[in-house]
Every structure is written in structure tokens, then in C-alpha cells.
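A.B. asks: Go ahead and model the full structure; you've got the sequences and the hints to work with.
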Amino acid sequence: MDIATKTTRKDFMSDQEVRWCPGCGDYSILAAMQLLLPEIGVERHNIVFISGIGCAARFPYYMNTYGMHSIHGRAPAIATGLAATRPDLDVWVIGGDGDMLSIGANHLLHALRRNINLVIVMFNNQIYGLTKGQYSPTSELGKITKSSPFGSADQPFNPISLAIGAEATFVARTHDMDRSHMQAILKSAHDHQGASFVEIYQNCNVFNDGAFEAITGKENREDNLLYLRDQEPIVFGKDDKYGIALNTQGGFDVIDTTNNGTERVLVHNAKQKDASMAFALSRLGVNDGEPRPMGIFRDIAREEYGSFIETQRQTAIAKYGSGDLDKLFRSQPTWHV
Amino acid sequence: MTVDTGKKVINLDSLVVRFAGDSGDGMQVVGDRFTSESAIFGNDVATFPNYPAEIRAPAGTLAGVSAFQVQIADHDIYTPGDSPMILVAMNPAALKANIADLIPGGTVICNSDAFEKRNLEKAGYSANPLEDGSLDLYKLYCIPITALTLEACKSIGAKPRDAERSKNFFALGMISWLYDRPYQPTLDFIKTRYAKNSQVVEANTLAFNAGRHFGETTEAFESAYNVAPSKLPSGEYVNITGNTALSWGLVAAAQRASMPMFLGSYPITPASDILHELSKHKAFNVTTFQAEDEIAAVGSALGASFGGAIGVTTTSGPGVDLKSETIGLAISLELPLVIVDVQRGGPSTGLPTKAEQSDLLHVMFGRHGEAPVAVIAASTPAHCFEAAIEAVRIALFHRTPVYLLSDGYLANGSEPFRIPNKEDLPDLKIEFATQPNKVLEDGKEVFWPYLRDEETLARPLAIPGTKGLEHRIGGIEKADGSGNISYDPINHENMVKLRQAKINKIADYIPDLDVDDPNNASLLVLGWGSTYGTILTAVNEVRESGHSIARAHLTYLNPFPKNLSQIIDRYEKVLIPEMNTGQLASLIRSSFLKDVIQLNKIQGIPFKVSEIKAALISLLNDK
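As you go down the protein sequences, you meet chains A and B in turn.
Once you know that position 233 of the first sequence is 232 in the working numbering, the rest is easy, because the numbers rise by one and skip nothing.
Once you know that position 389 of the second sequence is 392 in the working numbering, the rest is easy, because the numbers rise by one and skip nothing.
Hints may contain errors.
Restraint-style ranges between C-beta atoms, simulated for each label pair [as the list claims (entries may be wrong)]: (1) T314(A) - T352(B): 35 to 43 Å; (2) K326(A) - S593(B): 43 to 51 Å; (3) E154(B) - K318(A): 41 to 49 Å; (4) Q313(A) - P492(B): 51 to 59 Å; (5) G471(B) - R8(A): 14 to 22 Å; (6) G471(B) - A317(A): 36 to 44 Å; (7) Q438(B) - E16(A): 25 to 33 Å; (8) K9(A) - L596(B): 55 to 63 Å; (9) P429(B) - A317(A): 28 to 36 Å.
Straight-line Cα separation of at most 25 Å, BS3-like style, residue types lysine-lysine; simulated pairs [unchecked claim]: (10) K597(B) - K508(B); (11) K470(B) - K565(B); (12) K194(B) - K318(A); (13) K194(B) - K283(B); (14) K131(A) - K145(A); (15) K9(A) - K441(B); (16) K199(B) - K157(B); (17) K283(B) - K318(A); (18) K283(B) - K432(B); (19) K9(A) - K11(B); (20) K99(B) - K162(B); (21) K142(B) - K162(B); (22) K217(A) - K237(A); (23) K199(B) - K186(A); (24) K425(B) - K326(A); (25) K217(A) - K240(A); (26) K425(B) - K318(A); (27) K432(B) - K326(A); (28) K611(B) - K99(B); (29) K565(B) - K500(B); (30) K5(A) - K576(B); (31) K597(B) - K576(B); (32) K234(B) - K425(B); (33) K611(B) - K576(B); (34) K5(A) - K120(B); (35) K318(A) - K441(B); (36) K508(B) - K565(B); (37) K11(B) - K162(B); (38) K576(B) - K99(B); (39) K326(A) - K565(B); (40) K283(B) - K326(A).
Since the hints were derived computationally from the structure, they do not count as laboratory data.
We treat Cβ as the ideally placed atom computed from N, Cα and C, and that holds for glycine.
C.D. replies: Have a look at this one:
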């Protein structure tokens, strides 16, 4: 094995011109990725980006690694075959909310439950960008778009809830306005064995500008964003003024810690086997006055798919010996003529 | 083998038996056993299982009848036979559904216990056919199979309902005696197949032996029959179905390519047995993945191909519909991929368990854009082995998706397969790129994924993990050479033509089509796929009556063999029998501007030899 020479962001930039709209949130995600990969230390020829269709899906063309820009929704399925046969590779899946939660939702759910060794990064801008502005499966109810002039009648998905419900072993959220958080989350996702799901709030400044401004805008973050930190109290606001506590109905209360102390405040445990608390946290931010959590909701250990089938293969070889065609052809009764 | 009962043994040169009963009666097992006994004895065999899509259709009804036909012979045979000489009918519905196919004077063996009022009504009989003389045309044996089975199993204390399940083995024992088949293989089979339940082993063994002894001692059968071993080319043989042969071919291809194989598949009749078989062979570095749907099945296979494995997906027509977009992507990516389509009756759900050749035009043209693929078709159950190896060869060497067409008839039918020397199988090793292949103007050495081989027009494959050859591929139109996204109009036209030219080039690497024409005939019968055996038998029989007929059978459907055009031109008349409305006929007409005569059957069941013979004779007489 070669000793990895020190690489920089430039090593991960391809020679292709980046063609996203000026001001698109995708630029900051691309930068975060290109800055992160030299830190991770995996050589670029061992990295593969697989994407489907959509603005986000152009991502592989801009990374100087191996890559495939495939078809709408199918990236998790294609990546599954690659990761299952090539455990030596770092396989990343990139897509948007339409790609992964609408046309390809099925594949996303199954890749997560199988715990395929993938990092699945979903750029959520709550709109269809490449097709020029139709509502997406994460657009809010009543959303006025080109295809919903009277408002969308579709209840949106909560991607984090969906991933937890799909038995995902790593589920996290970050946003395009905070590069260092993005990098930290993507690094943790990369370090996790098995399928990691990362939702990134991403601004589409052309078709859905400011969709997350109320949460991720610099002046709003303090009151409306909650950074989940493992094994630490779940608090937010200026000087951690507020905390999240369980109420007697099994729901959450936002409590003022200056008046009530921190005794009732929940401590985040992303490694908790039971998914109930992670799921409950994923619902935060739906009601007024609740902050939207960012960070790692869930990070549990479960054997990843590739290692599971490799064990099966080794067991088969131990039991039957390495495949021998002569034996295969005689695995049913034979006769001589 | 002798039968020491004082009864005489009559030698037959061939025998066609059909076992028929309810879906739950175990007729497929019995048919399969009778075939194996005969194969091990040395006969040539050919089988035709025919069963409903429902796992257990209402008992006793015509809809629930499951049948298994086998021809055994002391000479080469190519079909399971047009008409059975013996029909074993386990109930009135089985009799009713099958009696019309029996040859006049044929033998009917019925389980008389099942011919009671309720079953007769369910089958739509107003009177008992065993008693009303309606079967006088045939040699009828009424045997109380249920009662005899129950009696045989009494000693082990099995509940009547459980013991009755062994009646198929009683019938098998009886027929095995009647046709002088070796018993031991079936006794061994019972022991291993039902090893988990000792009572079932005992009951089936008792029933089978009781059936044999019944045959021996009863006054009913005045003689036993024998079919001598056939004179197949010397070698070691195994009786396999098309699906097994196809699976083994894939495994063998992966071994000969020294590459891992990845099968992405979603269960679908009649292709699922390939998934079942391949899932056993992890020790061959074969990974099977039961995907969430047909799309993920082909997608995962394509992903595996990108990583340097042999990506394979197996399905039937409805699955092909769903996979089409991904196959278009594979065409654009120019990656190896094998898509096995075990055709069944369509459209839509159609006839899931029946055979049809109706996907030819679908796999040829069923994608958006100009998206050519290679297409080959297996012609007999054993040929599925060779066809699978050939599909992998074309996929690997020409960097293209390849459709391998089989059908329900080949998939479940079986015949002896001569075990090859593994060293004689083709060498399928390919080389992946390890070095840059292009020097840019500034002197920089780079890897261009679409810089083609001049001979084959195939592109180089650099698999992820290869240092210095990092590159991106995708479904957007790309510049020839560099592979970078290109919307340039001239480049697009060039790429469309190149993708077609690359498929056309395969014709340089496949054999010419052989024509079997000993007497300079003016009539050519041209077939493809599973009609092989029937056409061959029909042609041989018509030739015996002094006629000249030429015969050719296509394995390569896209591209066609290079000499096909000359062959077509050489004959005054070309007859194309197909189990569709004329799909190869359309391709031949549009490719060669030559009219052809169609013979089509779209009933979900294969042609009979007699049907093809009739068409041939009519054409020969129509001067």
C-alpha cells in the first residue's frame, strides 16, 4: 500500500466547470466535501461518488474521484451493488429530496435497512430545481409552485423520521450555512460502519429561496437551531437558556433552564439501541416555539451488509472448499455413456 | 435390469408419459423422479412441466391441474413428445384436462378412489368416465391408489390425511415397475429430500415400495415394458433443467473470467430458480442479492459491473419493462451487464407459468432513444449453459449489456447435459486499464474512458481503486474519447452511430450460422430459441418421407450472424415458426427485404412436432 501523500482540496477538484446557479447552496456543500476528503486520508482512487438525477446529482462530475451520474432515484441501488462487491472502496451517494424521497425513496429505505456501507447525503431544498420549480416530497403543505398553483395538497416527509423508521444505523442533519458543522457531520458519517444518512438543508436561491432562512439564517440560528451533541444535555438559545425535557404525555417541553434548572433536561444519547428518543427528536421543530435539531440523531453499531455476506462466503468456502466446477457439475446424480 | 415375476417384458424405443393431478398432489416431484430414474438408466430424456400459476388452486378443479410430461428414449430425442402414450390421472379433473392429448389406444391409469361424486362434479363430469364407457378407446386401469397408500402406511401409524400425501409415490412406484426403472435412486432421493421428517421418509418409502409390489403382483398389468439406454455421445451426463444449466453457465463463465459475479434479482416466475441456484454458490465468489424490486436488481448489478464484477440480473417480461431505463444507462455507460429474460406469456401478468417467445422485439427495441444491445437466445435446456457463457463473453469483451433469452419451456424442461471439461470452456479473461491512455496537448497523461479499441470499438474499463485513472461516467451524452459531458450536436450523432457500430462489430466475433441442408432444398425453416427440438424433429420426420428441407436455428439475434443475409437469399421459401405473432419474421423482413412465411402459436404451450410437420408438408406440396 502506498503511503498517502498529503492531499489538498485541489486534488479533489475535477477539471469540469461547475454549472450550478450562482448562489446555490450546493457550492458550499461541494467545498465542504472537497475540504473534508484530504482530512479523511482515503486516497481519491478509492473513493466513488454515485448520484441519480437532479441538481445535486451533478456532484460526481465535480469531484476528482471515481464517479457515476446515473438515473433518477436509483443511485442507492447502484451503489448497493458496488459496495457489496467492493468493500475496499469508500462509496458516497449524493442526491436531492426529489431523487431520494420521491422517485427513489424505495431504494433509500432498503439501503438503510440493509445497512449497506454507504454514506448517503441528501441535499434537501424542498423543491424540484432541475425541472424548474415543482413541489417536492419535502415541500410544506399548501406550497404554491408551478405545479401547485392552489397550494400543494401533499403532506411532506420528515426525512430524519423516515430514515430512523427504515432502521438506519446513522442518521444526521446539517445545513449549508455552517461549513464546519457539515464537515464534522460528514466525517462522522464516513467513519460509521454501514449506511449513514445525512440530510443537508440546502438553499435553492432560484426556486425556493430562503426556505430555511428562519432556522439557519445567522440571526435566527440561536433561537431556532438546536445542535445535538452526544452525551450532552439537549439545550439551545443564548447561553443554553432553553432545554428539552420529556413531559408526562411522552412529548417534549421546551423549558427555560434559568428558572427551572437543568435537572429535567434530556441528555442526548445517539448510541441508544432503542430508536424511540431519536425518532421523538426528529419531530422537533414541527411546532412553533420548538427548535430544529442539527447533528447526529442516531449512531448505533450493527454489522454492515458487506461484512455479513463476506462471512457467509467464508463459511461457504470453509464448508465446501473454494468453488470447483467439476464438483458443481456433479452436484446432481450423473451417469456415464 | 430384469423383472423377475414371470411377466413378459416388452421393449419400446421411446415412451411419453404424462403425470397429472391436483397442484398439491406432487405431480412435479413424481415426474422429475421418473425422469431422473430414466436418465440414470441411460435414456435420453426431455421434459415438459405444465402447471398453474396458483400454488394451490381449488382442489379437484380443472384450474388446479398440474402436469408433467416426459419422453424417454433409446435414441436422441429433442422434444418431450407431442402426445403422451400413458396418462396417470390422480383425479377426474386431471383426466378431463389431459385425456384429449393421449394417443388413441394409449394407457390411462386412474386413481379410482378420487372418482367420487364431488370430484366428478367439480371436474364437470355428469357420469363417472371410468364406468360409462367413454374411455373405451384407451387401455384403462382403475387403481384405488389412495386406499392402497393408506393401507401401506398403516404400520407407521400416520394419520390418514398425512399418509394420503404419499399417494404420488405409490403411483411412481407402480409406473417405475411397469417401465422397469431403477428404484434405488428414488429411495435415496426420498431419504435426502425429506430428511427433516422421518415419518414422511417412511411413508413415502412404504408407498413407493407398495406401488412397485402392486405392479408386480396385480393381475391388472399383464406385461412390463422397457426402454433401452440411448446411444448418446460418450461422456458423463447429468439431467438438468434450463434454469439450472443457465445458472451453471454463469458460474462457469465467472470462473473462466476469474472475476466475481454479482446477481441482482427480484423473484419472478419462471426465472426465480436461477436466483435459487446461484444463491447456493457463494464459494464460487458469486454474490446473490434479492433486491427490493426489478429496478434495484438491475441497478445493483450495474453498480457491481462498474466495480469490476460480472453484473447479472435475471427476470421475466414484466421485470424487463421495469429494468429498461437502467439498461439504457448501461448502454450509455458501455459497461458489461447480462440480463436474463426467461420469457412467459404476456402482456402484463399474462401467463406467468407458460412459455412464449414474445419479448424479442421488446428486448431489441424497448428503450427510449437509440439504444442497441446484443441479444442471444438459448435453444434447449442444456444449451442454456453454453448460451450463458456466450452472453458473459459478449458482455465482457464488447463492454455492453447482453440480453439472454430463455423461456418458461426451457427453464423448467430438462434434458441430459454432457459434463464438459472445465479447461475446454472458453477463456473469458479481460484486462482492465491500469495506465493512462492519452497524452493531452500540455503533455499531461490522462485516462480517457471512451477512447475505443479500434477493432471492437469497445471502451477501456478502469475500475475504481485504480490509481491515477479516476474518471466520471454518466447517462448524459458524453464526448467520444474523453467521456466528458457534451451537448455538441455532431458528437451526439457520432456517439449514436458508434454505439450501433459497436454492437454491429460483435458479428465479427460470433460464428456463422450453420445450415442443415443435405439435399439442396428450396425451403428453409428458420427458428430461434426453444422451438429448436420441435423443428429438428419435424424436419427429420418430413425428410424421412423423401422431402428436402433446409433447417437453421439462430442463437445470435442481435447482431445476426454475418452470413444470414446470404442464407435467406438462397432459399425460395423461408418458414419461421415462432411462439409469438411473428417477431423474428418482422426482423428478417426489415433487415433483408425478404418476405418470409410465418407459423405462429401463441397458446402458452410449445409447438407440437405434428403442427410444424403439417406446415412443412403443406408448403412442400404447394409448388
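A.B. asks: Each hint: holds or not?
C.D. replies: The hints, checked one at a time:
1. T314(A) - T352(B): 35 to 43 Å: Check passed, 38 Å falls within 35 to 43 Å.
2. K326(A) - S593(B): 43 to 51 Å: holds, 47 Å
3. E154(B) - K318(A): 41 to 49 Å: Between E154(B) and K318(A), where Cβ atoms are some 43 Å apart, the hint holds.
4. Q313(A) - P492(B): 51 to 59 Å: Between Q313(A) and P492(B), where Cβ atoms are some 53 Å apart, the hint holds.
5. G471(B) - R8(A): 14 to 22 Å: For R8(A) against G471(B), whose Cβ atoms are near 19 Å apart, the range 14 to 22 Å holds.
6. G471(B) - A317(A): 36 to 44 Å: The hint (36 to 44 Å, Cβ to Cβ) holds, given that G471(B) and A317(A) are roughly 37 Å apart.
7. Q438(B) - E16(A): 25 to 33 Å: holds, 27 Å
8. K9(A) - L596(B): 55 to 63 Å: holds, 59 Å
9. P429(B) - A317(A): 28 to 36 Å: Given a distance of about 30 Å, which is inside 28 to 36 Å, the answer is holds.
10. K597(B) - K508(B): holds, 23 Å
11. K470(B) - K565(B): violated, 41 Å
12. K194(B) - K318(A): This hinted pair holds, its Cα atoms lying about 22 Å apart.
13. K194(B) - K283(B): holds, 21 Å
14. K131(A) - K145(A): holds, 8 Å
15. K9(A) - K441(B): holds, 22 Å
16. K199(B) - K157(B): holds, 21 Å
17. K283(B) - K318(A): It holds: about 12 Å lies between the C-alpha atoms, which stays within 25 Å.
18. K283(B) - K432(B): Given that 25 Å is the threshold and the Cα spacing comes to 24 Å, the pair holds.
19. K9(A) - K11(B): Violated, at about 90 Å.
20. K99(B) - K162(B): violated, 30 Å
21. K142(B) - K162(B): violated, 34 Å
22. K217(A) - K237(A): holds, 13 Å
23. K199(B) - K186(A): Not satisfied, since the Cα-Cα distance of roughly 50 Å exceeds 25 Å.
24. K425(B) - K326(A): holds, 11 Å
25. K217(A) - K240(A): The hint holds at about 18 Å.
26. K425(B) - K318(A): Cα-Cα ~22 Å, so holds.
27. K432(B) - K326(A): holds, 22 Å
28. K611(B) - K99(B): Given that 25 Å is the threshold and the Cα spacing comes to 20 Å, the pair holds.
29. K565(B) - K500(B): Between K565(B) and K500(B) the Cα gap is close to 19 Å, so the pair holds against 25 Å.
30. K5(A) - K576(B): violated, 73 Å
31. K597(B) - K576(B): holds, 10 Å
32. K234(B) - K425(B): With Cα atoms ~24 Å apart, K234(B) and K425(B) stay inside 25 Å; holds.
33. K611(B) - K576(B): holds, 22 Å
34. K5(A) - K120(B): violated, 87 Å
35. K318(A) - K441(B): violated, 47 Å
36. K508(B) - K565(B): holds, 10 Å
37. K11(B) - K162(B): It is violated: about 38 Å lies between the C-alpha atoms, which goes past 25 Å.
38. K576(B) - K99(B): violated, 40 Å
39. K326(A) - K565(B): Status violated; Cα separation ~38 Å.
40. K283(B) - K326(A): Satisfied, since the Cα-Cα distance of roughly 13 Å is no more than 25 Å.
Hint compliance for this structure: hints 11, 19, 20, 21, 23, 30, 34, 35, 37, 38, 39 are not met, and every other hint is.
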